[in-house]
Every structure is written in C-alpha cells, then in structure tokens.
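Undergrad: Work the whole structure out from these sequences, hints included.
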Amino acid sequence: MKISLVEYDAGNLPSVERALARQHIVCERVATPEAVRGADALILPGVGHFGQLMRTLAARHLVVPLTEVIARGTPLLGICLGLQALFAGSAEAPGDPGLNLFAGQVAALPATAKLPHMGWNQLERRRASVLLEGVSAGAYFYFAHSYAALDNGDIGDSAVAKCDHGAPFVAVLERANVLAVQFHPEKSAEAGARVLQNFVAYAAATQAQPKSGA
Amino acid sequence: MTLARRIIPCLDTDGERVVKGVQFVNLRDAGDPAALAARYNREGADELVVLDIGASRDHRPTFLETIRRVAAELAIPLTAGGGVATVDEGRAILRAGADKLTVNTAALRRPALLTELAAEFGSQAVVLAIDAKRVGDRWEAFVRGGRDSADCDAVAWACEGASRGAGEILLTSMDRDGTRSGFDIALTAAIAGSVSVPVIASGGADQPSDFLDVFVEGRADAALAASIFHDAIQGLSELKRYLGRHGVPVRLAEA
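Residue numbers (my numbering), protein chains in the order written: chain A, 3 to 216; chain B, 33 to 287.
I should point out that these hints are in silico values taken from the structure, not numbers from a laboratory.
Check each hint, because a few of them may be wrong.
[To be verified] Here chain B is said to cover these stretches of chain A; the calculated rule only asks that three of the stretch's residues, wherever they fall, bring their Cβ under 8 Å from a Cβ of chain B:
id	region
1	59-66
2	165-172
3	185-197
[Stated by the list, open to error] Computed footprint of chain A on chain B, listed as stretches where at least three residues anywhere in the stretch have a Cβ under 8 Å from a Cβ of chain A:
id	region
4	107-120
5	152-166
6	226-240
These numbers come from a predicted model, not from an experiment.
We treat Cβ as the ideally placed atom computed from N, Cα and C, and that holds for glycine.
TA: Take a look at the structure:
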C-alpha cells in the first residue's frame, strides 16, 4: 500500500514526506484527478490560507475526485488546514467553499488569546480514537494556526479530541474513513509519529477488507 | 490543557559551521549544525532556530544546504533566517525544509515585506526578529546583525510588525547576548505585554532560574539560547523538569 500526499504547492508536504520516510512508510505526491482516484490512502497536508488551498484544489480539478474517493471509503488524513478544508467553509475565505464533508464553518480563534495558537498543547479526549491509539493521555502536539473548527456541538461524535486556546476547538476529527488533526503530527516528535503510524495501520487494515461494490 | 512554554536551542551558522559570539562579535566554532540538531531533537527541544549570521549572498547556497541537513534530523518545527529580503528568498528557505522564516533588517527597511510574506506563507510562518539594545530611556531596534541602529523604538516596531503580519517575535537583547547574565526581563515584558503574538526571548540565558524569570516575569512564550546548550552547560530535559517543578507548563519527554 502506498500513501498519496495531495500536492497543491503550499504547506508542509515535504515535512510530512520526511516524517513518513523516517518510519519507512512509502509515499508519493498526487496532483491530478487520475492520481487521486487511484490512491489507496490520501493525506491532505496543509499550511497557509484556506482560500488558496480550495482555489488550488479547484484549479487542479481535484475537488470532485477527492469527494468521490472519500465517499467510496478511501482513508483520508487531513492535517491542519487539511482538517479545516473538510468543512463547508471558513471565515478566513468567506467566498471559497470547502469540501463540505462536515457542515459548519471554520472560525477565527478569539483574540483574547495570543494568536497564532503556536506551540505544544495537550488534548482532551472524548472517545476512543483510531489516530490516538497508544498515545499517552498527557501527550503534547504542535499547533500553528489562527482558525479552527470551534467546538460548538454540531460536529457531535466525530470530534474525538478537543483542545482549547481562547475557546474549545476540534483537535482530532474521525468519521468512518475521514480522519483529521488540527495539529502537525509531522512536527510533533514521538507522539506525532505515532499518529501517522496509526493512520497508515488503519489504511492498511481498511485495504485488506473487501470494499462493498468494488 | 495549557499551551506549553517552549525551549528553543539556536544554531548561529557562518558557512557550514555553527558559531557563537559574545554581544554579536568574537565568533568561535561550536560544531556541526546537523549533529547539534539531531542531539536537540533527541533531548526534547520544542523547536529549533537556525540563523545565517554571515548572511552574505555567497553563502546562501551553503545555508540552504544547512537547512536541508538540519530539517532531515528534526521531528520538531524549524525556523530559519538571515538576510531574507524578498518573498522568493523566503520561499527558498521554506522549501529547503524550514517551517518558519525570520526577517529582520529588510523588514525594518521596508515593513511591507512582512505583509507580503504573510500573504504568501501565512503569519504562522513569519517571525520578526528584533535585535534590541538599551539607548537612553528606550530600547532601539538594530539592523545588520547589530551593527547599526535603525533609530526606531523596539516596542513600537514589535507592535507594527505584528500588525503587518508577523506571527511571532524573536526578541534578542543585544545587551545580554552571550553574556550569560540572564534574559532582559524588562525588555521582554515590555514587548510581550504590547503585542498580541507570541514572543521568543533571547540573549543572556545561563541558569534555569533565568528561564523561570523570563517566563513568569518576562511573560515570554518561548525562550531561546545557544551556547549553554551547545556547550552542555545546561541540559534540556533537566531545564524542563526544573521549570515544570516551578509551575511553568512545559512539554516533558514521553513517560
């Protein structure tokens, strides 16, 4: 099985590649609709601006293939902006629709706290998590963001862990094959490495099972 | 659930080597950047900063190679800079493997550079480095590696920099740099209390109590040091355990 990283000219893609390579996980970059449709498992990395991400995905005709393969059950890991892109939209770019896998809008963190939310923070777990399996309860993860999916209840059971910086927000999101983290696992030392390993193990286990209708 | 205060070792590089000076002069060799990076990554550094203090055009390819070699050793964030004056130079540093870049002299000469960098890479990737020195009743920002005063109030410049798009301030006290006489608490508190972005305090670190002071009284979000870590005068994990015992939230190595 190969992990495919969605390439959109921005962000932390090389860092994610290095983090996977350190664990001897094979990955490739994908930038075309055909490559996205052929992927076993996808990572949507992200640093930067919501509007720029969504416009680049649209310009490369990747929005429809991404939503199709996700609907078909292909495992997806969204990282940072890649988590935010799963929502309907963001206050960072009001005119640019997101992938709309989750209803609701990404919002700015409140200015009562220092922004960006930059550094290592802990999580509050809500329920058992695929990505956090084996990660100690007090583990720290590296965050660098000013926008977030605020934890206002609409995300429900999919919000498996939250964090707080001026307001509670979703730190780990899991719904069937759609997994996402607001922090940067590729920059989060051993705890982050474990999250990436957990995603790869989940993707491998999913692939081993016959897909319905395939 | 609290944002941890960060401990950040800094590698000042000139050519292929890490160097260290006192108050920005008298440079001496302090080792190989990739080897030091690997050590700090292992010992629990929260982040690493690499600065090209020569920052001459001739050395730029060497510096980019240093960033690549350092990034390959790290599972923590990397900030790099030195002489960045354009968006393209910033891009080269980020593409080489840095997560954030620092700007200093060029931003003071043309503050719009901060806005351009933030628009291109996001504020979280733009660190405004300020070299500040006490002059009369204020702190002045200095440029060109501390050689010239910009005739500019450092606190006002930090505020302007943050409003123009810098996502973090790397604040170095030139009076304390390399002296091992403690961080400049008054300077750090003045800036940390004035800006809405995180502040990294730098210059003068020696004892664990210096770090405690700069976090508690100086209100720093992160503290940076070089020689005390390079020379193993201060161990990273024992420093963090000390801070933890004194009530500062820090990320300790996984149990």
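Undergrad: Each hint should be assessed against the structure and marked as holding or not.
TA: Hint check:
{"no.": "1", "hint": "59-66", "result": "violated (count 0)"}
{"no.": "2", "hint": "165-172", "result": "holds (count 3)"}
{"no.": "3", "hint": "185-197", "result": "holds (count 9)"}
{"no.": "4", "hint": "107-120", "result": "holds (count 3)"}
{"no.": "5", "hint": "152-166", "result": "holds (count 5)"}
{"no.": "6", "hint": "226-240", "result": "holds (count 3)"}
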